[in-house]
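*Asks:* Chain A is already provided as a structure; the job is to place chain B on it using the hints.
Protein chains in written order, with the numbering used here: chain A, 1 to 116; chain B, 117 to 252.
Among these hints, one or two may not hold up.
Computed list of lysine to aspartate or glutamate pairs in EDC-like fashion (alpha-carbon distance at most 20 angstroms, straight line) [to be verified]:
hint	chain 1	residue 1	chain 2	residue 2
1	B	Lys232	B	Asp244
2	A	Lys111	A	Asp31
3	B	Lys232	B	Glu190
4	A	Lys109	A	Asp8
5	B	Lys225	A	Asp11
6	B	Lys232	A	Asp90
7	A	Lys111	A	Glu37
8	A	Lys111	A	Asp90
9	B	Lys232	B	Glu146
10	B	Lys225	A	Asp90
11	B	Lys232	A	Glu43
12	B	Lys225	B	Glu240
13	A	Lys4	A	Glu43
14	B	Lys232	A	Asp8
15	A	Lys109	A	Asp6
16	A	Lys4	A	Asp31
17	B	Lys225	A	Asp8
18	A	Lys111	A	Asp8
19	B	Lys225	A	Glu43
20	B	Lys232	B	Asp140
I should point out that these hints are in silico values taken from the structure, not numbers from a laboratory.
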Amino acid sequence: MALKADRDAIDDMIQAVDESATNIIVHGYRDRPSNIEIEVTQEGNALVVRLRDQAPLFDPTRAPPSDVTLPLERRRFGGLGIHLTRRFTDSVTYRIPSEGGNELTLRKKVKGEGNK
Amino acid sequence: MNISVNQTQGRVPVAVLSVQGDLDASNYQELIAKARELYHTGTHQILLDLSGASFVSSSGLVAIHSIALLLHGEQPPDLEQGWSAIHAVGRGLVAGPQQHLKLLNPQPKVDRTLEKAGLKEFFEIHADLATAIASF
Numbered sequence: 001m002a003l004k005a006d007r008d009a010i011d012d013m014i015q016a017v018d019e020s021a022t023n024i025i026v027h028g029y030r031d032r033p034s035n036i037e038i039e040v041t042q043e044g045n046a047l048v049v050r051l052r053d054q055a056p057l058f059d060p061t062r063a064p065p066s067d068v069t070l071p072l073e074r075r076r077f078g079g080l081g082i083h084l085t086r087r088f089t090d091s092v093t094y095r096i097p098s099e100g101g102n103e104l105t106l107r108k109k110v111k112g113e114g115n116k
Numbered sequence: 117m118n119i120s121v122n123q124t125q126g127r128v129p130v131a132v133l134s135v136q137g138d139l140d141a142s143n144y145q146e147l148i149a150k151a152r153e154l155y156h157t158g159t160h161q162i163l164l165d166l167s168g169a170s171f172v173s174s175s176g177l178v179a180i181h182s183i184a185l186l187l188h189g190e191q192p193p194d195l196e197q198g199w200s201a202i203h204a205v206g207r208g209l210v211a212g213p214q215q216h217l218k219l220l221n222p223q224p225k226v227d228r229t230l231e232k233a234g235l236k237e238f239f240e241i242h243a244d245l246a247t248a249i250a251s252f
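So here's chain A without its partners, still in its complex pose (with noise of 0.2 angstroms):
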């Protein structure tokens, strides 16, 4: 089935999961050539891509939100990545399937009728 989403959307969606790759290739799997699935449909008007791995478990959707009010001295970059995902993306939400593993869901609404 074909997958119906604005630009913009998708755009916001890759930057999302851009991160979150990234994030379990690095602190996952710590850079150990390893797999990745990541599921892409479409639930109704939103966008929803699931990513999992067999990486040691983490949620991060626990990671603390990051304080990007303060100034640049201060500023910690380890959660950029998760604080990305967060802004790109309408909900992130984390579980350990049945099988193991991690699994982030990331979803994303998209525009009416006539997406294009």
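*Replies:* For chain B alone, kept in the frame of chain A given last:
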């Protein structure tokens, strides 16, 4: 990603560092390394031309911040120590817009990333090359 450098002369010498393509976790260290090379050969003002950057991830933002740190005379992050060192950046810069690193013409998508990361207020962003060079 391709990086090119063009040395220009305004009131002071300015290196225009142009990024073409995606700036992400796979290549952000190349941009830091290029800036470090320029700095060590006497460059102290960099205009980062983002007009050709189609995508900038958080890693790219870390690179931009690291270059600002470098040009401010702070110890640049040790790339050999990997992400733990990169994540330690974020201190050492004075508050307010950076005077030694300015940005040129980011595409709207990249501009939104800068905004959502809360970084726009820390960098002068110019839409015109001549104006940008003259601003240093």
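*Asks:* Compare the structure with each hint and give your call.
*Replies:* Outcome of the hint check:
Distance restraint check for Lys232/B and Asp244/B: the Cα-Cα separation of roughly 23 angstroms exceeds the 20 angstroms cut-off, and the hinted pair is therefore not satisfied. Among the hinted pairs, Lys111/A with Asp31/A is inconsistent with the structure: their alpha-carbon atoms are about 36 angstroms apart, more than 20 angstroms. The suggested pairing of Lys232/B with Glu190/B is violated, with an alpha-carbon distance near 26 angstroms, which exceeds 20 angstroms. A C-alpha spacing of about 10 angstroms is found between Lys109/A and Asp8/A, which places the hinted pair at or below 20 angstroms, so the restraint holds.
The hinted pair formed by Lys225/B and Asp11/A meets the criterion: a straight-line CA distance of about 8 angstroms does not exceed 20 angstroms. Between Lys232/B and Asp90/A the alpha-carbon distance is near 14 angstroms, which keeps this suggested pair within the 20 angstroms criterion. Proposed proximity of Lys111/A and Glu37/A is contradicted: the alpha carbons are some 26 angstroms apart, above 20 angstroms. Taken as a hint, the Lys111/A and Asp90/A pair is honoured in the structure, with Cα atoms around 13 angstroms apart against an allowance of 20 angstroms.
Proximity of Lys232/B to Glu146/B is assessed by CA-CA distance (about 24 angstroms); at most 20 angstroms being required, the pair is judged violated. Under the criterion of a C-alpha separation no larger than 20 angstroms, the hint pairing Lys225/B with Asp90/A is consistent with the structure, at around 18 angstroms. The straight-line distance between the Cα atoms of Lys232/B and Glu43/A is roughly 26 angstroms, outside the 20 angstroms bound, and the hint therefore fails. At roughly 17 angstroms between alpha-carbon atoms, Lys225/B and Glu240/B fall within 20 angstroms of each other, so this suggested pair holds.
In summary, the hint linking Lys4/A to Glu43/A is supported, as the alpha carbons are separated by about 11 angstroms, within the 20 angstroms threshold. Our distance criterion of 20 angstroms between C-alpha atoms is met by Lys232/B and Asp8/A, whose separation comes to about 14 angstroms. With a C-alpha separation of about 10 angstroms, the suggested pair Lys109/A and Asp6/A falls inside the 20 angstroms cut-off, and the hint holds. The hinted pair formed by Lys4/A and Asp31/A fails the criterion: a straight-line CA distance of about 34 angstroms is larger than 20 angstroms.
A C-alpha spacing of about 9 angstroms is found between Lys225/B and Asp8/A, which places the hinted pair at or below 20 angstroms, so the restraint holds. For the hint pairing Lys111/A with Asp8/A, the CA-to-CA distance comes to about 9 angstroms; that is within 20 angstroms, so the pair holds. A threshold of 20 angstroms between alpha carbons decides the hint, and for Lys225/B with Glu43/A the separation of about 25 angstroms lies outside it, so the pair is violated. The suggested pairing of Lys232/B with Asp140/B holds, with an alpha-carbon distance near 16 angstroms, which does not exceed 20 angstroms.
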